[in-house]
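Q: The whole structure should be built from the sequences, with the hints applied where relevant.
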Amino acid sequence: MIELKDAQKHFRSGNLKSAVLRGVNLNVKQGEYVAIMGKSGFGKSTMLNLLGTLDVLDSGEYKLTGKSVHKMSRGKRVRLRNEEIGFVFQHFQLIPNLSVYQNVLLPLTYGRKRLGKKKARVLALLDEMGLSDKRNQKPDRLSGGEKQRVAIARALVNEPGLILADEPTGSLDEETTESILGLFDRVHENGATIVVITHDQEVAERADRILHLQNGVLV
Amino acid sequence: MKLLTTFKLACFGLWSNRYRVLSAMMGVVIGMFAVIVLAAIAIGVKDTLMKQMGSLGAEQILVLPGRILDSADGQKDLLSGLTSVPSTLTYEDAQAVEKVSNVKTVTPQLETVNFVEYEKNKVQSAVVGTTSQYSRIQHATISQGRFFTKEEQGAKAKVIVLGNNIHDSLLGKNQQLEDQAGGSSESAKPKTWWKRVLDKLLGENVSAAEVSLIGKNVIINEESYEVIGVLAPNATLGSSTDNNVIMPIETALATTDMKNLTRMIVEASSLDAVDEVDGAVFGALAENHSEIDFSVVKQDQMLGALGKVTSILQVMLVGITATALLISGTGIMNVMVMSVRERTREIGIRKALGATTFEVMMQFFFETLLLCIIGGAVGIGLGYVFIEIWNSNIEIFALVLPFWAVKLALYTSVAIGSLVGIYPALKAASMNPSKALRFE
Numbered sequence: 000m001i002e003l004k005d006a007q008k009h010f011r012s013g014n015l016k017s018a019v020l021r022g023v024n025l026n027v028k029q030g031e032y033v034a035i036m037g038k039s040g041f042g043k044s045t046m047l048n049l050l051g052t053l054d055v056l057d058s059g060e061y062k063l064t065g066k067s068v069h070k071m072s073r074g075k076r077v078r079l080r081n082e083e084i085g086f087v088f089q090h091f092q093l094i095p096n097l098s099v100y101q102n103v104l105l106p107l108t109y110g111r112k113r114l115g116k117k118k119a120r121v122l123a124l125l126d127e128m129g130l131s132d133k134r135n136q137k138p139d140r141l142s143g144g145e146k147q148r149v150a151i152a153r154a155l156v157n158e159p160g161l162i163l164a165d166e167p168t169g170s171l172d173e174e175t176t177e178s179i180l181g182l183f184d185r186v187h188e189n190g191a192t193i194v195v196i197t198h199d200q201e202v203a204e205r206a207d208r209i210l211h212l213q214n215g216v217l218v
Numbered sequence: 000m001k002l003l004t005t006f007k008l009a010c011f012g013l014w015s016n017r018y019r020v021l022s023a024m025m026g027v028v029i030g031m032f033a034v035i036v037l038a039a040i041a042i043g044v045k046d047t048l049m050k051q052m053g054s055l056g057a058e059q060i061l062v063l064p065g066r067i068l069d070s071a072d073g074q075k076d077l078l079s080g081l082t083s084v085p086s087t088l089t090y091e092d093a094q095a096v097e098k099v100s101n102v103k104t105v106t107p108q109l110e111t112v113n114f115v116e117y118e119k120n121k122v123q124s125a126v127v128g129t130t131s132q133y134s135r136i137q138h139a140t141i142s143q144g145r146f147f148t149k150e151e152q153g154a155k156a157k158v159i160v161l162g163n164n165i166h167d168s169l170l171g172k173n174q175q176l177e178d179q180a181g182g183s184s185e186s187a188k189p190k191t192w193w194k195r196v197l198d199k200l201l202g203e204n205v206s207a208a209e210v211s212l213i214g215k216n217v218i219i220n221e222e223s224y225e226v227i228g229v230l231a232p233n234a235t236l237g238s239s240t241d242n243n244v245i246m247p248i249e250t251a252l253a254t255t256d257m258k259n260l261t262r263m264i265v266e267a268s269s270l271d272a273v274d275e276v277d278g279a280v281f282g283a284l285a286e287n288h289s290e291i292d293f294s295v296v297k298q299d300q301m302l303g304a305l306g307k308v309t310s311i312l313q314v315m316l317v318g319i320t321a322t323a324l325l326i327s328g329t330g331i332m333n334v335m336v337m338s339v340r341e342r343t344r345e346i347g348i349r350k351a352l353g354a355t356t357f358e359v360m361m362q363f364f365f366e367t368l369l370l371c372i373i374g375g376a377v378g379i380g381l382g383y384v385f386i387e388i389w390n391s392n393i394e395i396f397a398l399v400l401p402f403w404a405v406k407l408a409l410y411t412s413v414a415i416g417s418l419v420g421i422y423p424a425l426k427a428a429s430m431n432p433s434k435a436l437r438f439e
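Those sequence lines, one after another, are chains A and B. For the first sequence, the positions run 0 to 218 when numbering that gives the first Met the number 0 is used. For the second sequence, the positions run 0 to 439 when numbering that gives the first Met the number 0 is used.
Treat each hint with caution, since some may be false.
Lysine-lysine pairs mimicking DSSO-like chemistry, simulated, CA-CA at most 30 Å apart [as the list claims (entries may be wrong)]:
id, chain 1, residue 1, chain 2, residue 2
1, B, K149, A, K117
2, B, K45, B, K98
3, B, K258, B, K307
4, B, K121, A, K16
5, A, K62, B, K121
6, A, K38, A, K28
7, A, K66, B, K103
8, B, K434, A, K70
9, A, K117, A, K137
10, A, K4, B, K434
11, B, K157, B, K103
12, A, K137, B, K157
13, B, K157, B, K121
14, B, K103, A, K75
15, B, K426, A, K75
16, B, K119, B, K155
17, B, K121, B, K215
18, B, K434, A, K137
19, B, K7, A, K137
20, A, K4, A, K43
21, A, K16, A, K4
22, A, K62, A, K16
23, B, K258, B, K157
24, B, K119, A, K75
25, A, K28, B, K434
A short list of chain B residues far from chain A (calculated; beta carbon distances all over 12 Å) [said to hold, decoys possible]:
id, residue
26, W14
27, S15
28, G43
29, E58
30, P232
31, T254
32, F281
33, M332
34, R342
35, I348
36, E358
37, A376
38, K426
The hints are simulated quantities; they were obtained by calculation from the structure and are not laboratory data. Idealized CB from N, CA, C, for every residue including glycine.
A: Printed below as a string of structure tokens:
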């Protein structure tokens, strides 16, 4: 599913150039659940941005479902992102002016995938997440757990092969964390590949494999 | 994704941010309102003046006191070339002009300001002494009674025709009475604004009895005159007859201290004879005057001068419009740039979920464009309402809103929206999604 070879990424700050990823190698199989751990500032988010095609490598190779992402045009990367990747962020990243239903619908709005009736797909997902009665509400009326469930529904709506989650329980209490992790387990059981970036050992332990990002390399 | 979908997203984006959008829209609304109203004023003034000048008739020649100087191109400069000197034109001049060949009629006019009294009411008016031709030449319609005849003119009959306003004021019907004698008259009190509005709405005078002064005597400068006619309302810019009191010129010369003519309208027997009559009238008058202290002007010269005035109005209109649109356009662009900045994270989310650069760009472009079009339409609508209210309440001159002005305003809204929408749209489209998602 994911093949990352000698991936390097630098950031410039004025004249200073600092290496964030120094030749990362990663292989994730279809249907695998992987957790990437690391301290703050060790490049976890950079890693997620690269895997999610939100950013590009300075050097190295990145293949997703066999397609060479590092050689793709921006347009093709955007389409790949829409069709193959679902994001779950720590701070939910819901659009405040849109209702729960509209937030979940958003990837379908931009997508080309024909998934039958879009409305039925969104409503089914909201039902599955226990959010049917909240579908017309704005995100600011929801609890943290509900917001994250909306974000997960949005990540799943396009039936992507890969779910990328960045500290998905970072803003939640213990009880809600457990419920969200339970959802991830269910998504994984349904065959999705999941990569979770976290610094929480408890979250990481739900994964099949735990990797550590240290000094810009995975160990 | 289809353009239609980005358009729908833009509509939704505007609706979601409707309160901010409303404040941004105000600029366009005011700008377009100003464009529509100013265009209507400029065209209304032009039409009214053209109508008045046109009413002079192509075969008519105007004789004015004072000499009109020539401009650099040898033409009479009616705008700045008219010297202000006391009139030396007399009734004898008019009689001399009458003898010029191919002159059909001569309508001399004496004019002064005086008080007209009827019972306790006293009104200031323009007293005009002229001939029986006046009503035809000035297109003045009689609403009651009749105009004086040539025989009455020759017999120095003390008869007068009242302008509509003067007639109503003398009857205490409107507020334009002046209580010069020390505020003794109860009926001379101006009506309150709500009473005037009520009068307008009901189409009638709610506080005054409907009576006519025909056959009654009024006092001007201690002389008594019989009212034989009342002119129909003729409220036009510049030369309304509503506040005039018209009497035969011989009567005016005999009973008032008016001696010199304020103008004279000479009518040629045919259009072909106008140039010849123009020269002959000038010659006839020059014989009676030791110096050229009068001017003879044809209709085309008047219209030429008017063209200059309206051109100035149009240049002013273009200037004001351009300024209004520049300000509103800049305002909208600023608001949209602010909106893009505030919605940075939203842009990041949209891009992360699969929105292309083009789709984000078009969404923000359509938002600005729609904002300008809706704002423009509202401004045009408000302008139209203003013009309707003006035209049904104010009679000085009518505002004219041609369809081309509406179309121009709408096209301008689209042009502004397109122009000022580019920068915010590009700014939104060029955002890096990973950075935008981290925006606080």
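Q: Next step is simple, just say for each hint if it's right about the structure.
A: A quick look at each hint next to the structure:
no.: 1; hint: K149/B with K117/A; verdict: violated, 91 Å
no.: 2; hint: K45/B with K98/B; verdict: violated, 36 Å
no.: 3; hint: K258/B with K307/B; verdict: violated, 33 Å
no.: 4; hint: K121/B with K16/A; verdict: violated, 93 Å
no.: 5; hint: K62/A with K121/B; verdict: violated, 100 Å
no.: 6; hint: K38/A with K28/A; verdict: holds, 25 Å
no.: 7; hint: K66/A with K103/B; verdict: violated, 98 Å
no.: 8; hint: K434/B with K70/A; verdict: holds, 22 Å
no.: 9; hint: K117/A with K137/A; verdict: holds, 20 Å
no.: 10; hint: K4/A with K434/B; verdict: holds, 24 Å
no.: 11; hint: K157/B with K103/B; verdict: holds, 27 Å
no.: 12; hint: K137/A with K157/B; verdict: violated, 85 Å
no.: 13; hint: K157/B with K121/B; verdict: holds, 19 Å
no.: 14; hint: K103/B with K75/A; verdict: violated, 88 Å
no.: 15; hint: K426/B with K75/A; verdict: holds, 22 Å
no.: 16; hint: K119/B with K155/B; verdict: holds, 27 Å
no.: 17; hint: K121/B with K215/B; verdict: holds, 15 Å
no.: 18; hint: K434/B with K137/A; verdict: holds, 25 Å
no.: 19; hint: K7/B with K137/A; verdict: holds, 19 Å
no.: 20; hint: K4/A with K43/A; verdict: holds, 17 Å
no.: 21; hint: K16/A with K4/A; verdict: holds, 21 Å
no.: 22; hint: K62/A with K16/A; verdict: holds, 26 Å
no.: 23; hint: K258/B with K157/B; verdict: holds, 17 Å
no.: 24; hint: K119/B with K75/A; verdict: violated, 92 Å
no.: 25; hint: K28/A with K434/B; verdict: holds, 29 Å
no.: 26; hint: W14; verdict: violated, 9 Å
no.: 27; hint: S15; verdict: violated, 4 Å
no.: 28; hint: G43; verdict: holds, 45 Å
no.: 29; hint: E58; verdict: holds, 71 Å
no.: 30; hint: P232; verdict: holds, 57 Å
no.: 31; hint: T254; verdict: holds, 81 Å
no.: 32; hint: F281; verdict: holds, 78 Å
no.: 33; hint: M332; verdict: holds, 22 Å
no.: 34; hint: R342; verdict: violated, 9 Å
no.: 35; hint: I348; verdict: violated, 5 Å
no.: 36; hint: E358; verdict: violated, 7 Å
no.: 37; hint: A376; verdict: holds, 24 Å
no.: 38; hint: K426; verdict: holds, 17 Å
The structure shown violates the earlier hints numbered 1, 2, 3, 4, 5, 7, 12, 14, 24, 26, 27, 34, 35 and 36.
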